[in-house]
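Residue numbers (numbering that gives the first Met the number 0), protein chains in the order written: chain A, 0 to 503; chain B, 0 to 503.
Since the hints were derived computationally from the structure, they do not count as laboratory data. Please note: incorrect hints may appear among the correct ones.
As the list claims (entries may be wrong) - Calculated lysine-lysine pairs in the DSS-like style (CA-CA distance at most 25 Å, straight line):
| id | chain 1 | residue 1 | chain 2 | residue 2 |
| --- | --- | --- | --- | --- |
| 1 | A | Lys32 | B | Lys39 |
| 2 | B | Lys58 | A | Lys58 |
| 3 | B | Lys32 | A | Lys32 |
Number of protein chains: 2
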Amino acid sequence: MHSEIQAKYEKYVHHLRTLSDLNAAIALMAWDKEVYMPPKGAHFRAQQMATLEGMWHQKFTEPDFVALVQHLHERHEQLDESATINVQRTWQDLSRSLKLDRHFIERRSRATSEAYQAWLAARKFNDYERFAPALQTLVEVKREEAQRLGYQAHPYDALLETFEPGERVAHLEALFYSLRDALVPLVQQLQRQPQVNADFLHQYYPADEQWELGIDLLRNMGYDFEAGRQDRSPHPFTISFSPQDVRVTTRIDPNNLAQMTWSCIHEGGHALYEQGLPTTQYGLPIGQPASLGIHESQSRLWENHVGRSCWWWQYHYPKLQQRFPNQLSQVSLDEFWRGINKVAPNLIRTEADELHYHLHIIIRFEIEKALIEGSLSVNELDKVWNERYTTYLGITPPDARSGILQDVHWGHGSFGYFPTYTLGSLYAAQFFHKCLTDIPQLPEQLSKGNCQALHSWLRETIHRHGRRYLAEELCQKVTGSKLDSTHFLQYATEKFYHTYKITI
Amino acid sequence: MHSEIQAKYEKYVHHLRTLSDLNAAIALMAWDKEVYMPPKGAHFRAQQMATLEGMWHQKFTEPDFVALVQHLHERHEQLDESATINVQRTWQDLSRSLKLDRHFIERRSRATSEAYQAWLAARKFNDYERFAPALQTLVEVKREEAQRLGYQAHPYDALLETFEPGERVAHLEALFYSLRDALVPLVQQLQRQPQVNADFLHQYYPADEQWELGIDLLRNMGYDFEAGRQDRSPHPFTISFSPQDVRVTTRIDPNNLAQMTWSCIHEGGHALYEQGLPTTQYGLPIGQPASLGIHESQSRLWENHVGRSCWWWQYHYPKLQQRFPNQLSQVSLDEFWRGINKVAPNLIRTEADELHYHLHIIIRFEIEKALIEGSLSVNELDKVWNERYTTYLGITPPDARSGILQDVHWGHGSFGYFPTYTLGSLYAAQFFHKCLTDIPQLPEQLSKGNCQALHSWLRETIHRHGRRYLAEELCQKVTGSKLDSTHFLQYATEKFYHTYKITI
């Protein structure tokens with residue numbers, strides 16, 4: 000690199016690292032708020048976080064920095080490959096940010112916080128009408144946001160871009176509708192089979208023992224406790240302050256072994272991704288995760304493809320029985336494995352099994368796409384919601400709380416977020432299929448408690464690239480083909496036919 | 000207030016609150032580093048903290064802000080009383096900051112970090128010579144700092160101002176030498192008495208039980224666990240993110256009951272002060288502690304005047320015996336109380352008793368004053384140190400590690416800090432004497448486990464004023480007289496004559 004452009008690039012790097020340092024402080028405040036903050040601390044903590052977030056936005060869109068990035072972007076042929084990609088990504092992020100002026104952001108922030116308050120009240124009173132007016136306002140703001148950000152085919156594309164850069168409605172429709180059309184008959188077929196028993200998961204499992212189990216599972220996955228830690232919080236999450244300090248949290252219900260176990264493996268998958276990002280690219284796009292969908296692919300690959308596989312439990316189940324002899328000594332490995340893969344419709348997304356889950360997501364996708372394109376009114380929302388549940392899942396929510404009010408996402412203004420959950424599963428299936436091809440001995444390794452080859456494969460093919468590639472590009476590079484739903488459907492059919500003892 | 004000046008004052012308040020929000024983030028990162036951060040997190044955490052500290056300094060000395068404060072300062076007759084004081088204090092802080100340019104601060108920071116590294120190495124090799132050259136450089140930088148900051152009578156005054164605004168060498172000499180001249184014969188007299196037994200403190204006290212004891216003691220003092228929490232760390236400390244989130248840490252040695260117990264009460268005293276600061280003045284001088292000396296007065300008042308009193312243990316000792324029956328059932332209340340007040344010379348400051356402690360401090364005060372005025376060379380320091388220990392405490396350090404290398408303060412460049420420890424004790428004695436006059440029934444209340452009146456008295460007379468008064472002014476206002484050492488000496492003589500059964 001020419002020394003002048005080099006100096007400018009270093010200035011850009013320094014600025015982004017300052018922003019990242021600020022972000023790490025905000026993240027630490029968010030972590031602490033969920034795990035250790037005493038209740039009265041909430042008021043000033045909210046103010047402190049808002050101040051730092053404001054400083055972040057101001058610093059990110061500082062005119063000098065914008066000019067610097069533009070300058071580098073226009074001369075990117077003088078930069079090396081990584082630098083070019085970093086500058087390109089930052090330029091895209093900045094361009095989007097600059098399309099939203101302060102006035103609009105304040106308006107959006109007001110609409111969001113009012114919608115959130117309304118959602119809380121609506122949930123409390125189990126009354127969708129209390130949410131609808133504020134949601135209406137917020138939807139209008141998000142429609143305006145889409146107009147401001149710009150799009151080619153569909154306004155919802157502009158919002159998707161926030162969570163899943165490069166993703167488009169047309170592509171999602173193709174993916175999701177083929178998925179839906181295969182899943183609906185599949186789950187109906189499974190429901191007609193003799194049901195599997197999962198009652199043994201709902202016995203008393205002491206919290207301390209569950210905690211130790213979680214730590215052991217994370218350790219076995221290769222989660223580095225020297226570069227992270229686990230704590231307890233009301234909702235499990237993963238948070239990163241740098242690739243060398245990536246923390247997970249878990250929730251323990253002493254009467255439900257499943258909750259801690261698979262949320263722990265799920266968060267562990269997220270955490271391995273963050274721990275695997277290149278530290279040399281700290282603060283830069285290549286040092287960041289590719290997208291929410293790719294992030295979710297890592298958690299779901301571990302949670303479902305590994306953590307609900309018979310291979311994994313061949314190694315872990317005897318240890319689990321030793322840990323909980325009173326609860327599990329009479330349950331065989333086969334019964335256990337079938338139990339943890341039980342399929343049954345449920346009104347609540349976060350409690351859904353691996354198959355129904357996507358029907359929950361597709362309903363939300365259809366609704367929010369329609370809201371943003373303006374073809375569906377907020378007033379009909381609860382009706383539409385209940386109709387879709389009846390059609391797709393065969394169950395009808397008896398009230399708003401177990402229906403349209405169950406998720407916080409719309410109250411947070413996060414339109415475009417839900418699809419990333421299903422994308423995550425589709426990517427996971429496609430990645431894992433490739434991994435099994437690359438490492439034929441993986442099932443045997445997993446059945447002996449050895450996750451090293453899998454861990455290295457993920458690190459090498461996915462983690463270390465950060466945001467170097469768009470999600471779609473990464474998928475193409477890793478698996479040799481574009482994302483499609485066939486790998487997931489093939490995996491699901493095989494696994495659940497096996498679980499439900501269906502022979503073809 | 001006139002509306003124009005009012006608007007300017009609000010702008011000033013907003014700016015200081017932004018700084019305070021940033022500071023809270025830095026403090027949270029510091030807290031986390033000591034209590035929960037995984038080891039590999041250290042590298043990026045250090046960088047993140049340095050970035051935020053740099054942003055803080057830049058924002059504090061921003062030309063627009065300086066101009067705003069100067070404007071308000073020059074028109075302070077238009078402000079109300081609290082606003083006037085806030086502006087005055089900020090103007091003083093800013094004026095001092097502006098006297099040190101960036102170049103000097105970088106030089107100081109380099110000299111400090113080199114001295115710290117040298118101190119670590121010197122301690123490791125038990126060799127003062129490895130520290131001396133870096134200390135020499137740092138002393139020269141601190142002498143330059145004193146010149147830049149300016150002073151009237153003594154260059155050390157300029158450094159004292161950082162930790163104890165308004166404090167002066169001449170005043171400290173008068174206080175400390177009268178104290179020294181009374182303490183040396185007093186501790187010698189006590190040493191000639193039959194010794195008290197404190198061995199029972201050094202039995203096995205399980206960590207979990209000690210932890211519970213600490214929580215109970217804090218609760219009894221009136222520490223608000225809804226606005227704080229206790230964690231464990233290698234060195235106990237108190238840290239505040241707002242008056243509604245003030246945290247303490249403790250260290251537990253299972254073979255030493257004393258360490259946890261009195262450090263817990265000590266930190267509790269610090270924490271009550273922070274929890275008692277006015278939330279309406281968040282981020283402003285009046286919302287901050289008056290000085291380190293006043294802060295220390297709060298911890299020592301609780302630790303020594305309350306936590307080592309026979310009143311306190313009349314209530315707590317039977318409970319302590321119940322908690323540790325094997326260890327303490329054969330130790331009477333009188334034996335316990337005398338044991339916890341045992342006086343014996345010790346080479347290590349942090350392990351010193353209530354009386355010898357001040358001889359440790361006075362030695363440091365004498366040395367650092369001489370270093371800063373240039374009458375003592377760094378090369379003679381260990382010799383001078385050992386001589387003073389022999390003269391004042393009657394013991395001679397056998398090596399540098401238990402002598403001149405024991406404290407980190409000089410390695411951190413904190414010249415002027417040590418005196419605040421002794422000032423804290425003197426203020427504590429004078430405050431507590433007044434409190435006993437104001438609340439004659441206090442001993443009876445304490446002996447029944449009731450700390451409410453004491454807590455309210457401290458909150459009302461000291462905590463709520465924050466930095467409204469200089470330490471000396473506060474003392475005058477609370478006790479009706481200037482700080483002197485007679486209250487401490489009177490308290491000490493009475494208490495330790497009693498402990499050692501000396502009758503006059």
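Verification of the supplied hints:
Our distance criterion of 25 Å between C-alpha atoms is met by Lys32/A and Lys39/B, whose separation comes to about 23 Å. With a C-alpha separation of about 13 Å, the suggested pairing of Lys58/B with Lys58/A holds against the 25 Å cut-off. For the suggested pair Lys32/B and Lys32/A, the alpha carbons sit about 16 Å apart, so the restraint of at most 25 Å is met.
In summary, this structure violates none of the numbered hints.
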